[in-house]
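What follows is each chain in one-letter form.
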Amino acid sequence: MMKYTQRKIKNNFMKFLLFFLTLFAVIPLAIIFFHVIRSGFGALNYSFLTSLPAPIGQPGGGIANALIGSFTMIALASLISIPVGIFGGTFLSEYPQGKLSSSFSFVVDLMTSIPSIVIGLYIYAMIVVPMKGFSAYAGALALALLMFPIVVKSTEEILKLLPQNIREAGLALGIPRWRVILSIVLKGSIPSLTTGVLLSIARISGETAPLLLTAFGNQYWADGLNQPTASLTVQIYNYAISPYQEWHQQAWAGAFILLMTVFIFNLIARGILVKSQKDS
Amino acid sequence: MNTNKILTIDQLSAGFGQAEIVKKISMAISTHEIAALIGPSGCGKSTFLRCLNRLHEENSEAWVNGEVNLEGKNIYQEGIDPVHVRSQIGMVFQKPNPFPSMSIFENVAAGLTIRGIKKRAYVSQVVEKSLRQAALWDEVKDKLKSPGTSLSGGQQQRLCIARALAINPPVILMDEPTSALDPISTSKIEELLLQLKKEVTIVIVTHNMQQAARISDQTSFFLMGELIETNNTKQFFTNPDDIRSENYISGRFG
Ligand SMILES: Nc1ncnc2c1ncn2[C@@H]1O[C@H](COP(=O)(O)OP(=O)(O)OP(=O)(O)O)[C@@H](O)[C@H]1O
Ligand SMILES: [Mg+2]
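Protein chains in written order, with this note's numbering: chain A, 1 to 280; chain B, 281 to 534.
Be a bit skeptical, because a hint or two may be false.
Claimed, not checked - 27 Å max Cα-Cα, derived DSS-like pairs, lysine-lysine:
| hint | chain 1 | residue 1 | chain 2 | residue 2 |
| --- | --- | --- | --- | --- |
| 1 | B | LYS303 | B | LYS353 |
| 2 | A | LYS275 | B | LYS353 |
| 3 | A | LYS160 | B | LYS303 |
| 4 | A | LYS278 | B | LYS303 |
| 5 | A | LYS275 | B | LYS421 |
| 6 | B | LYS423 | B | LYS375 |
Think of the hints as simulated: they come from the structure by calculation, not from any bench.
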């Protein structure tokens with residue numbers, strides 16, 4: 001009886017500790033969240049979303065070109081990194097033996113740990129300098145390089161969670177291995193792969209430094225993908241470092257938009273995951 | 281060659297790397313019979329079974345020697361495509377493993393549709409027939425679109441049997457198909473196997489000696505990679521030829 005009471009006390013103590021630690025992690029998040037909402041939401045209005053940045057020192061102005069620029073570059077980056085990344089992750093998960101696989105895995109791990117500013121610098125040297133100018137292409141390429149290893153790793157981990165005997169069941173039906181991978185392994189993992197992809201998009205949409213070095217930014221609409229291009233993050237940065245109170249407001253409003261976008265992506269990603277787990 | 285022997289195995293050895301797990305096994309399995317493989321854990325039953333549909337070689341360390349003749353043709357002959365062999369010899373695994381994110385219908389149809397047979401009417405007809413054969417039709421006919429994984433364990437296993445039946449193989453291999461199931465689901469599957477053997481030949485690995493005695497026509501006893509005895513099941517359990525078989529069934533080891 002004594003033992004039972006003791007165990008209960010210990011149990012409750014651990015519960016309390018875990019609750020406390022969780023709170024410790026959640027509080028800063030909540031503070032940031034509410035601060036951004038409070039400072040950003042007020043400055044938000046229709047013309048902020050639809051107009052170009054105002055000339056220096058003038059009030060008003062918006063982030064229309066930055067929104068479109070960010071969207072374009074993230075979409076371009078996704079177009080490259082999602083298919084290639086899923087392909088690479090599938091290769092790592094389904095053909096883990098062999099030199100090629102282990103060296104590829106090593107390269108991907110290295111890429112994950114390269115600071116984003118270094119990637120920006122690299123694209124600056126390899127693309128921006130020879131092309132004699134900042135561009136959306138260069139920005140998208142920098143984002144793609146950041147996104148690629150994330151997609152590879154998440155794909156690899158997701159596919160490895162699938163029990164081996166699912167693959168064997170496919171092979172045992174007289175289905176060739178590549179078809180098993182395509183029609184059973186990948187198809188069966190679509191919900192979790194979607195989650196992984198959405199999270200990787202959310203992850204790169206906050207990047208600023210590499211865009212500063214590659215797409216640079218633009219006060220006006222870009223005349224094409226080979227022109228310097230505004231992005232939400234760089235625009236937030238420009239607004240924030242300005243000496244004008246009014247522009248600081250704009251920075252908060254931009255931050256609010258960015259935070260909400262990332263938040264919604266995360267929510268959708270999580271929703272898909274929960275739904276797919278419920279179904280199975 | 282005896283024509284009612286659908287499978288004849290000749291001097292089959294197999295293993296991983298240096299290890300020889302299956303040692304020079306020869307035996308024959310009759311058409312429309314249930315052949316049980318029994319023996320202590322680790323004696324190589326699964327490895328042997330997986331040699332019969334060339335699934336063993338999917339492991340990068342694996343090797344195989346000897347012959348397995350299906351209807352008189354050696355499936356290990358040069359030039360024979362293992363993918364083709366597997367379409368003729370079905371397999372059911374220990375843990376029910378329906379394909380994820382696929383409906384009940386899609387699971388049963390997978391062997392056809394993924395290999396390019398897509399004619400709607402034909403596929404539906406095969407799915408219904410296979411589910412009926414697997415004694416699952418009545419339980420699922422109103423929810424063919426629900427996920428295969430939403431079924432109970434025993435139903436999932438019958439779904440896997442239906443999936444294997446759908447490509448109409450003359451032989452089905454089963455590796456402890458009921459060891460993860462409750463007694464009621466187990467007896468349902470045993471009944472089902474007795475029905476199925478009118479149409480397919482079944483090779484079943486089991487740890488349950490009562491099960492082997494109840495449903496099989498022929499029992500083979502493995503010990504450390506060797507085949508100790510293959511015998512008519514009744515004979516095997518009442519009056520085995522080998523003293524080691526007798527020791528095993530009377531529970532003296534294993
Ligand atoms: N992938 C592998 N690599 C190396 N050795 C293996 C591998 N798989 C199985 N073995 C070895 O082969 C031997 C036989 O295994 P097998 O699975 O065929 O036995 P089993 O008779 O089916 O046992 P159980 O009744 O427990 O299922 C075991 O000693 C095992 O360690
Ligand atoms: Mg086994």
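Evaluation of the provided hints:
no.	hint	verdict
1	LYS303/B / LYS353/B	holds (21 Å)
2	LYS275/A / LYS353/B	violated (48 Å)
3	LYS160/A / LYS303/B	violated (33 Å)
4	LYS278/A / LYS303/B	violated (46 Å)
5	LYS275/A / LYS421/B	holds (24 Å)
6	LYS423/B / LYS375/B	holds (23 Å)
The structure fails to meet hints 2, 3, 4 from the earlier list, while all remaining hints are met.
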